[in-house]
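As you go down the protein sequences, you meet chains G and E in turn.
In this text, residue positions in the first sequence follow this note's numbering: the first is 1, and each later residue adds one.
In this text, residue positions in the second sequence follow this note's numbering: the first is 1, and each later residue adds one.
Watch out, some of these pointers could steer you wrong.
A few chain E positions that, by computed beta-carbon distances, are all more than 10 angstroms from chain G [to be verified]:
hint, residue
1, Ala160
2, Gly224
3, Tyr228
4, Gln289
5, Gln350
6, Asp353
7, Glu357
One side of the interface only, derived from the structure: several residues of chain E facing chain G at Cβ under 10 angstroms [what the hints assert, rightly or not]:
hint, residue
8, Glu80
9, Thr95
10, Ala98
11, Asn100
12, Lys230
13, Gln304
14, Lys305
15, Pro307
16, Leu309
17, Pro358
Keeping only pairs whose Cα atoms sit at most 20 angstroms apart, straight-line, the calculated SDA-like set for lysine to any residue is [stated by the list, open to error]:
hint, chain 1, residue 1, chain 2, residue 2
18, E, Lys346, G, Pro163
19, E, Lys316, G, Pro163
20, E, Lys346, G, Arg191
21, E, Lys361, G, Ile165
22, E, Lys346, G, Arg194
23, E, Lys342, G, Asn305
The hints are simulated quantities; they were obtained by calculation from the structure and are not laboratory data.
In this text, a Cβ means the ideal position worked out from N, Cα and C, and glycines have one as well.
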Amino acid sequence: MSRRAFLGTAGAGALATTVALGTDALVHPPAAGAAVSRRLDVAVPFEGAHQAGIVTPVQDRLLFASFDVITDDRDDLVQVLDDWTRASRRMVKGEMIGTDNDNQDAPPDDTGEAVGLGPEALTLTFGFGASLFDRAGDPFRIASRKPAALAPMPVFARDEIRPEISEGDLAIQACADDPTVAFHAIRDLARIGRGVVALRWSQQGFGRTSVTDDKQVTPRNLMGFKDGTNNIVVEDAGALDDHVWVGPKDDPAWMTNGSYLVTRRIRMMLEIWDRSTLGDQELTIGRNKQEGAPLGGAKEHDTVNLTAKHDGEPVIPVDAHIRLAAPSENKGVRMLRRGFSFTDGIDPVTNQLDAGLFFIAYQRDPSTGFIPVQQHLATDALNEYIRHDSTGTFACPPGVGASGFVGETLFH
Amino acid sequence: MFRTTGRALLGAALSSALLAVGLAGTASAKTAEVKVEINDDGCPAKITLKAGPHHFKVTNSGSGDVSEFEILSGDRILGEVENVAPGLNKEFSLTLKAGNYTTYCPGGSRDKGKLVVKGTASTKLSSEGQAAVDQYRQYLEAQTAELVTATKAFTDAVDAGNLDQAKELYAPSRIAYERIEPVAEVFGDLDPKIDAREGDVPKKEWGGYHYIEQKLWVDGTTEGLSDYSKDLNENVATLQNLVKDVELQPASIANGAVELLNEVSKSKITGEEERYSRTDLVDFEANVQGAEAAYNAVKPILQQKSPQLVTELDAKFAAVYAGLQPYETGDTTYVAYTDLTKADTKALSQAIDSLAEPLSKVSKQIVGS
């Protein structure tokens with residue numbers, strides 16, 4: 001039953017606003033204005049060659065959750081993945097989960113806070129962490145299938161990584177246009193998995209900081225700058241195959257059509273940033289703040305000219321963020337970013353804002369994607385204003401069809 | 001002490017509206033079959049039923065213009081069948097409490113009908129249900145007897161001015177209470193009188209175990225406690241008398257087991273319960289033992305309904321005890337709560353959540369037994 005119908009209202013009127021995107025929509029989005037604009041309350045199909053939530057037009061809200069597996073029982077773990085898949089298929093359609101939701105003598109299967117809300121473009125994207133493969137005794141019998149791409153994340157310059165909010169055996173990225181829908185999904189999946197998995201850490205996000213669709217307007221991060229202007233967009237199928245999806249010839253075979261997810265919680269020292277002059281801010285990023293144009297250019301999408309000089313000095317400074325992050329400075333490396341701003345209140349020690357960017361990137365291989373780029377950013381002028389305190393690397397398997405479960409290629 | 005008013009373990013003898021809600025629908029009654037005929041006009045104008053479980057058989061004698069039957073409470077759909085084609089019937093089950101409901105058959109001229117449910121469900125138990133109730137009542141009586149004895153020994157030491165002995169007997173005197181705590185909560189103000197922590201009740205009304213605990217550990221004295229000793233003994237004796245007649249149902253016994261684990265989650269894992277003596281883990285074990293005793297009482301019924309749930313719960317109870325074991329220092333003694341690390345309490349909390357979630361699924365399996 002849909003969550004709207006559960007309210008017992010006439011139903012038809014409310015449901016009419018729900019537009020289901022066809023399966024093709026992920027690869028070939030409808031014409032501009034048809035389905036990608038905000039607040040249409042679309043349903044994104046769960047099924048597909050790739051998992052949803054990677055090239056899906058970035059939603060407004062994130063709840064990311066990392067789990068520890070607290071059992072050594074392989075069957076129990078597989079059962080949870082199967083149960084998660086079943087529940088996810090329903091939740092992305094805006095349906096209630098379970099069968100028992102009006103039994104006075106039992107706790108309802110669905111926790112209920114999303115009743116009355118539609119699908120809200122909910123996507124649920126699942127990944128496996130290195131520790132799942134490395135577990136002592138190999139109880140899940142997957143050690144031999146561990147991707148080389150799950151090698152430990154190197155320590156980068158100025159990293160202040162906190163292990164308790166990093167990595168994990170399993171991860172779920174829940175994105176939706178409504179924060180309650182995203183929370184409901186993670187809460188109910190955690191409940192379904194109780195006894196087999198336990199939440200390790202989670203991160204809420206708001207205000208998408210990237211576009212993955214060329215019809216989306218480039219948003220601003222908390223520093224006030226447009227972010228992700230040169231991201232890979234869904235329309236660029238060649239770039240997706242080259243840089244995002246694991247190919248059929250890549251190892252291991254079970255990851256074909258999957259992707260590797262890297263997360264970084266990047267705290268911004270906003271009080272310090274806000275005391276910097278506009279000139280300093282623009283030289284740090286390498287873009288004009290108001291328009292988002294690269295320095296030396298006039299419009300946001302003008303080509304980033306890294307060779308231009310003024311009075312013998314580079315127009316885009318040698319330590320500017322967009323120079324060091326540019327594909328041309330990184331052997332052509334590109335990633336698909338779909339990060340979100342976050343705020344977790346106040347730092348109790350300094351009384352400063354605990355806020356910043358929860359960086360999310362999908363790539364074919366972190367060792368040729370995020371890792372070299374991040375190493376290249378060691379001299380980034382932006383480092384003075386940011387601090388990385390959480391890291392995560394997860395192997396996101398391919399999508400599922402009408403039957404089967406997420407991760408089936410790994411376990412079968 | 002219970003900080004929130006959860007569903008009560010039992011208490012048909014009480015008039016509290018909250019408890020009446022908690023118990024409604026848990027009564028044992030045979031499922032009644034209700035035949036409903038819809039037609040092109042819509043729903044039957046009025047249906048009158050007795051409270052309890054019902055099995056609705058919906059037939060369609062019309063041409064198909066109307067093909068849906070719903071039961072609503074206010075705006076909420078409680079049960080429904082769709083696509084009831086002419087000549088076919090469709091079925092669903094629903095347990096209804098007394099009250100006024102609406103039926104809804106969209107498409108007809110009479111698309112809404114009345115459904116009136118009267119009376120209270122029968123409370124006759126099956127023989128297995130009775131066996132579960134008898135077993136759990138025996139447990140209640142044994143535990144309250146032990147409570148009375150252990151409390152007397154503890155307060156005797158307090159009254160004799162023997163501080164060390166009083167501190168030693170404090171935690172053991174509470175074990176039986178922690179095993180049956182949801183029962184005590186049913187009896188109005190009895191639980192706060194026995195088990196309130198500072199701040200739970202107005203300061204001048206505060207007494208019971210935790211008042212004495214604070215005097216012994218914080219003030220280091222047994223002075224001025226004789227009235228408190230006397231009240232505590234009277235209150236636990238009252239509890240012992242009350243449990244003899246309290247009405248029990250298998251499903252509510254199972255819910256009580258969940259409540260005991262919720263107690264662990266809320267106040268033992270957090271170290272709130274024994275904030276001066278730091279004997280929280282003694283209470284922790286007692287809560288789990290009490291939950292296990294309640295579960296054991298209904299286990300024969302559950303074994304028939306869902307043997308796999310029994311297997312799962314047995315394993316999860318064992319996992320909780322195994323998780324506690326490293327902290328044992330004697331038969332009924334544990335390390336102080338303050339000796340636990342964050343990782344320790346996290347692991348214990350996960351073990352409790354892992355047990356409580358499947359345990360919360362027991363009552364719906366055995367309701368009506």
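Checked hints:
1. Ala160: Correct as stated: the minimum Cβ-Cβ distance to chain G is 48 angstroms, above 10 angstroms.
2. Gly224: At roughly 40 angstroms from the nearest Cβ of chain G, Gly224(E) sits farther out than 10 angstroms, so the non-interface label holds.
3. Tyr228: It holds; Tyr228(E) is separated from chain G by about 39 angstroms at its closest Cβ, greater than 10 angstroms.
4. Gln289: holds, 20 angstroms
5. Gln350: Its Cβ does come within 10 angstroms of chain G, the nearest being 5 angstroms, so this is violated.
6. Asp353: violated, 6 angstroms
7. Glu357: violated, 4 angstroms
8. Glu80: Result: holds, 8 angstroms to nearest chain G Cβ.
9. Thr95: holds, 6 angstroms
10. Ala98: violated, 12 angstroms
11. Asn100: Hint violated; Asn100(E) Cβ to chain G Cβ min 15 angstroms, cut 10 angstroms.
12. Lys230: violated, 42 angstroms
13. Gln304: violated, 17 angstroms
14. Lys305: violated, 13 angstroms
15. Pro307: For Pro307(E), the interface hint is violated, since the closest Cβ of chain G sits about 17 angstroms away, which is over 10 angstroms.
16. Leu309: violated, 12 angstroms
17. Pro358: Holds, because the Cβ-Cβ distance from Pro358(E) to chain G comes to roughly 7 angstroms (cut-off 10 angstroms).
18. Lys346(E) x Pro163(G): holds, 16 angstroms
19. Lys316(E) x Pro163(G): At roughly 29 angstroms apart (the allowed maximum being 20 angstroms), Pro163(G) and Lys316(E) break the hint.
20. Lys346(E) x Arg191(G): holds, 17 angstroms
21. Lys361(E) x Ile165(G): violated, 32 angstroms
22. Lys346(E) x Arg194(G): holds, 14 angstroms
23. Lys342(E) x Asn305(G): Distance of about 52 angstroms is beyond 20 angstroms: violated.
Hint violations for this structure: numbers 5, 6, 7, 10, 11, 12, 13, 14, 15, 16, 19, 21 and 23, all remaining hints satisfied.
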